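Assemble the whole structure, with the sequences as input and the hints as a guide.
Protein chains: 2
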Amino acid sequence: MASVDASVARQSNDGKKERVVILGSGWAGYGFARTLDPKKYERIMISPRSYFVFTPLLAGTAVGTLEFRATLESVRRLGLDYFHQGWADDVDFARKTIRVEANTSDELGSTTTTKALKQGQPPNPSSGTNEVEPGRGAMFEVPYDKLVIAVGSYSQTFGIEGVKEHASFLRDVGDARKIRMKVLQNFERAALPTTADAERKKLLHFAIVGGGPTGIEFAAELHDLVREDLSKTYPGLMKDVAITVYDVAPKVLPMFDQTLATYAMETFKREGIAVKTEHHLQRIRPDEDCQGCLKLKIQEYGDEEVGAGIVVWSTGLMQNPLISRLGSKEFTMGESGASDNVVILQQDKRTGSLITDANLRVQVVPAGSKPTEKKETPESTTLPDVFTIGDCAVIPESGLPATAQVASQQATYLAKQLNKGLQDNSNKPFKFRNWGTMTYLGSWTAIHQSSADELKGWAAWVLWRTAYLTKSMSIRNKIMVPVYWAISWIFGRDISRF
Amino acid sequence: MASVDASVARQSNDGKKERVVILGSGWAGYGFARTLDPKKYERIMISPRSYFVFTPLLAGTAVGTLEFRATLESVRRLGLDYFHQGWADDVDFARKTIRVEANTSDELGSTTTTKALKQGQPPNPSSGTNEVEPGRGAMFEVPYDKLVIAVGSYSQTFGIEGVKEHASFLRDVGDARKIRMKVLQNFERAALPTTADAERKKLLHFAIVGGGPTGIEFAAELHDLVREDLSKTYPGLMKDVAITVYDVAPKVLPMFDQTLATYAMETFKREGIAVKTEHHLQRIRPDEDCQGCLKLKIQEYGDEEVGAGIVVWSTGLMQNPLISRLGSKEFTMGESGASDNVVILQQDKRTGSLITDANLRVQVVPAGSKPTEKKETPESTTLPDVFTIGDCAVIPESGLPATAQVASQQATYLAKQLNKGLQDNSNKPFKFRNWGTMTYLGSWTAIHQSSADELKGWAAWVLWRTAYLTKSMSIRNKIMVPVYWAISWIFGRDISRF
Numbered sequence: 015m016a017s018v019d020a021s022v023a024r025q026s027n028d029g030k031k032e033r034v035v036i037l038g039s040g041w042a043g044y045g046f047a048r049t050l051d052p053k054k055y056e057r058i059m060i061s062p063r064s065y066f067v068f069t070p071l072l073a074g075t076a077v078g079t080l081e082f083r084a085t086l087e088s089v090r091r092l093g094l095d096y097f098h099q100g101w102a103d104d105v106d107f108a109r110k111t112i113r114v115e116a117n118t119s120d121e122l123g124s125t126t127t128t129k130a131l132k133q134g135q136p137p138n139p140s141s142g143t144n145e146v147e148p149g150r151g152a153m154f155e156v157p158y159d160k161l162v163i164a165v166g167s168y169s170q171t172f173g174i175e176g177v178k179e180h181a182s183f184l185r186d187v188g189d190a191r192k193i194r195m196k197v198l199q200n201f202e203r204a205a206l207p208t209t210a211d212a213e214r215k216k217l218l219h220f221a222i223v224g225g226g227p228t229g230i231e232f233a234a235e236l237h238d239l240v241r242e243d244l245s246k247t248y249p250g251l252m253k254d255v256a257i258t259v260y261d262v263a264p265k266v267l268p269m270f271d272q273t274l275a276t277y278a279m280e281t282f283k284r285e286g287i288a289v290k291t292e293h294h295l296q297r298i299r300p301d302e303d304c305q306g307c308l309k310l311k312i313q314e315y316g317d318e319e320v321g322a323g324i325v326v327w328s329t330g331l332m333q334n335p336l337i338s339r340l341g342s343k344e345f346t347m348g349e350s351g352a353s354d355n356v357v358i359l360q361q362d363k364r365t366g367s368l369i370t371d372a373n374l375r376v377q378v379v380p381a382g383s384k385p386t387e388k389k390e391t392p393e394s395t396t397l398p399d400v401f402t403i404g405d406c407a408v409i410p411e412s413g414l415p416a417t418a419q420v421a422s423q424q425a426t427y428l429a430k431q432l433n434k435g436l437q438d439n440s441n442k443p444f445k446f447r448n449w450g451t452m453t454y455l456g457s458w459t460a461i462h463q464s465s466a467d468e469l470k471g472w473a474a475w476v477l478w479r480t481a482y483l484t485k486s487m488s489i490r491n492k493i494m495v496p497v498y499w500a501i502s503w504i505f506g507r508d509i510s511r512f
Numbered sequence: 015m016a017s018v019d020a021s022v023a024r025q026s027n028d029g030k031k032e033r034v035v036i037l038g039s040g041w042a043g044y045g046f047a048r049t050l051d052p053k054k055y056e057r058i059m060i061s062p063r064s065y066f067v068f069t070p071l072l073a074g075t076a077v078g079t080l081e082f083r084a085t086l087e088s089v090r091r092l093g094l095d096y097f098h099q100g101w102a103d104d105v106d107f108a109r110k111t112i113r114v115e116a117n118t119s120d121e122l123g124s125t126t127t128t129k130a131l132k133q134g135q136p137p138n139p140s141s142g143t144n145e146v147e148p149g150r151g152a153m154f155e156v157p158y159d160k161l162v163i164a165v166g167s168y169s170q171t172f173g174i175e176g177v178k179e180h181a182s183f184l185r186d187v188g189d190a191r192k193i194r195m196k197v198l199q200n201f202e203r204a205a206l207p208t209t210a211d212a213e214r215k216k217l218l219h220f221a222i223v224g225g226g227p228t229g230i231e232f233a234a235e236l237h238d239l240v241r242e243d244l245s246k247t248y249p250g251l252m253k254d255v256a257i258t259v260y261d262v263a264p265k266v267l268p269m270f271d272q273t274l275a276t277y278a279m280e281t282f283k284r285e286g287i288a289v290k291t292e293h294h295l296q297r298i299r300p301d302e303d304c305q306g307c308l309k310l311k312i313q314e315y316g317d318e319e320v321g322a323g324i325v326v327w328s329t330g331l332m333q334n335p336l337i338s339r340l341g342s343k344e345f346t347m348g349e350s351g352a353s354d355n356v357v358i359l360q361q362d363k364r365t366g367s368l369i370t371d372a373n374l375r376v377q378v379v380p381a382g383s384k385p386t387e388k389k390e391t392p393e394s395t396t397l398p399d400v401f402t403i404g405d406c407a408v409i410p411e412s413g414l415p416a417t418a419q420v421a422s423q424q425a426t427y428l429a430k431q432l433n434k435g436l437q438d439n440s441n442k443p444f445k446f447r448n449w450g451t452m453t454y455l456g457s458w459t460a461i462h463q464s465s466a467d468e469l470k471g472w473a474a475w476v477l478w479r480t481a482y483l484t485k486s487m488s489i490r491n492k493i494m495v496p497v498y499w500a501i502s503w504i505f506g507r508d509i510s511r512f
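Just so you know, the sequences run in chain order A and B.
Take 15 as the starting number for the first sequence in this note's numbering and just add one per residue.
Take 15 as the starting number for the second sequence in this note's numbering and just add one per residue.
No wet-lab data here; the hints were simulated from the structure.
Treat the hints with caution; some may be incorrect.
Which copy is meant is left open, because identical chains are indistinguishable; a pair holds if it fits in one copy or across any two.
Claimed, not checked - Cross-link-like lysine-lysine pairs, in silico, DSS-like; alpha carbons within 30 Å at most:
| hint | residue 1 | residue 2 |
| --- | --- | --- |
| 1 | K430 | K53 |
| 2 | K196 | K492 |
| 3 | K485 | K246 |
| 4 | K196 | K311 |
| 5 | K31 | K434 |
No experiment lies behind these values; they were computed from the predicted model shown.
Structure, rendered in structure tokens:
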């Protein structure tokens, strides 16, 4: 294995700055790297993908309202001291070294769903992908002075048969492309003169599993594409189009209060989007009688399977395999190497997330301790120089959800703390400020809720678009996103399949 | 096989309009369909892809100067009476019926290179692709009153070993995407700390085979990407980047006169692009010692192979397999069914193109006639209601090249003839007007040559961009193309790999 001392191999380090290695390029990792002061620290990022994805706009790109590229920010533009395109495979906390597997595959798909399969990790292998990975990439080591673990989460499929093989995910730009292709392809298939009526209905049934904001927004965007654009191209097919959202819970959009959730359901009803709550998907399999179709077994329907042209999976997160691996590793903390100093990372019992203190520092417990039950925490101590933020981190009893907002605020908090120079114990703790939650509902309407107020309808839609614009990161995309929106509005969405 | 009477199955035909079926959606087919009067004719298009590609801008999209979508026009926007996404598999001229194979594959690659392999057709199977096709699509029949064959040409690999497996083509938007991915991937691979010096040099050697406008423009665009954008991201790699254009002929850009060709070569020299004329590629194979590298055997270098990270193939055209199949088919012409009326399509002996008269009507000769030698044409007659335009057509002794310009003018001519109502024999013949030829040379310079004048340098570059804008077809793209150009100019090209 090649060992890389980045400060020697590369130009930047003058030997004075501490080397901060960031694992991940999502909301947490990218946000942290942007805010960390390059004059004070050497910044090195390790991520399987060389870009940040502005995830709230993915549903829009999947239907062609936006160009894929407008949702991306290249990490290369951060002016990092070094970027390694690869997966952090393991961390040696005693030697302060990360083992990296280079990602040199030509694979275009989601990097948040493929890796678990490849490693045979984690314990639950159903981490959703249709892709087969080629052999492993080259391995090399990267040393760190400070480490920020921001690897995020993977899609959780709960072991449901056929999900990882046949469902479509919506977590990376490659996923959005695949969904777009499949939707347009299904319309072409349905339009063929050789396609029978029953087949056509199956091809044009779009099923979405999961009634959170991602699933609801995808349903809404798909509805807009069908109503505003495809209806002109395929007028004869409109009667066969159906969009259904399935959820196991008794209501969708649980983060919104009853008024807004009801408004959302009424909007969907008017748009003809069916919402089936308390429905349990049990299996997805291909339909042998209909090329491109799937059959969904749903508990409530007994043996009668539902046909669909696509199943978009947008429910459930699971730990990144790196987190599972790190959590099961015993190591010796400190210089002494005394055997009574053997520890393991403290993990949340239920989710497997890494537990941090209020300053987002990773906590360790003596080896042999059981994973934490909420009330009976074993004596934990801080692992020096190791931090974790975003979906893979949890501050006990904080009750913070695994969302982009939390990841983004943690990233900024931690970078600013480091920029100020950490003073142990005297640091002010991380505090989450709820900016509110928004969901697009189609037909130029949205809902917005924050602690202060609620908005629904067209005004919320304006806020939704404005909020996305101000949060879009680079000037390039601040210009491009409204340009694309305007172009789609004037000329309709592009519906070429390529 | 399903038989489709389009006039019955679909709404449009009122029983009075003649049904014109167009095979192909390229410069010829798309241009013809745009110009044909929908009030006079029912327009039906059959093409494996649902869009027209503005090919001169493909090289720009391959390096990220332009968005892929800006080079596409959806055929759906033509308001055709019907569009069938599929390949014309065969034509029964006696029954005036086309057999179509539906294209329902999810394949993103070039549709101009995959089909030949799939059919085991034509005689020379080296039609360039890295793709494996799944099983065949559903077959159905479409009847016609008038038929316009505009299926274009495929890439010709001259049977050179490894070209179809390992070279990259640049004929469709899927090709451009693949090239883009490979180029950016090679830079990431080269930047890995585990990559040795020799390997890096191979990864960053970009070989282009063919010194026509496509190859030269791709080399120029690639040079701009490297110099203007990648140099900022990977400054340490610049010393290892090399771009080489190989051609078998003694000079490149043979369609330009000596002054302009010399100017082009001087520009390339200044930009550090090597041009190797009279070099004969004999084999491409993967380099086992370097993931992602290829080895090129070149006749002039003996046994020493040249390493390269990518080989872009932009030389040689061959007939579409449909043309080969039609050319070998005997059929009975006319109503009588008399056996002395058995004919075959007249083909050019050298290229296999379908021979037309000056009105672009397909010609037939008695069955058993040999393919035409230039001077000893057998007695040919016109096959009623069948026309051919673009790369697959040739007017004997016209000397017209297989270019977008010729295809485009033929399309407009033929559609206008039909709009006026054809009067046999009294029609004015097709006449090609040379609008001039332009090639981009990188660093904001171009060359332009027409019968009237010559231009080189920056002024030609302005003309090059302006000409592309005025020829870009939809208003959408007339707006989007300059927007993309401006965005690339201000912010640099996007270099995210996805």
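* Please write out, lowest number first, the hints stated earlier that are contradicted by the structure. => Hints that this structure does not satisfy do not exist here, as all of them hold.
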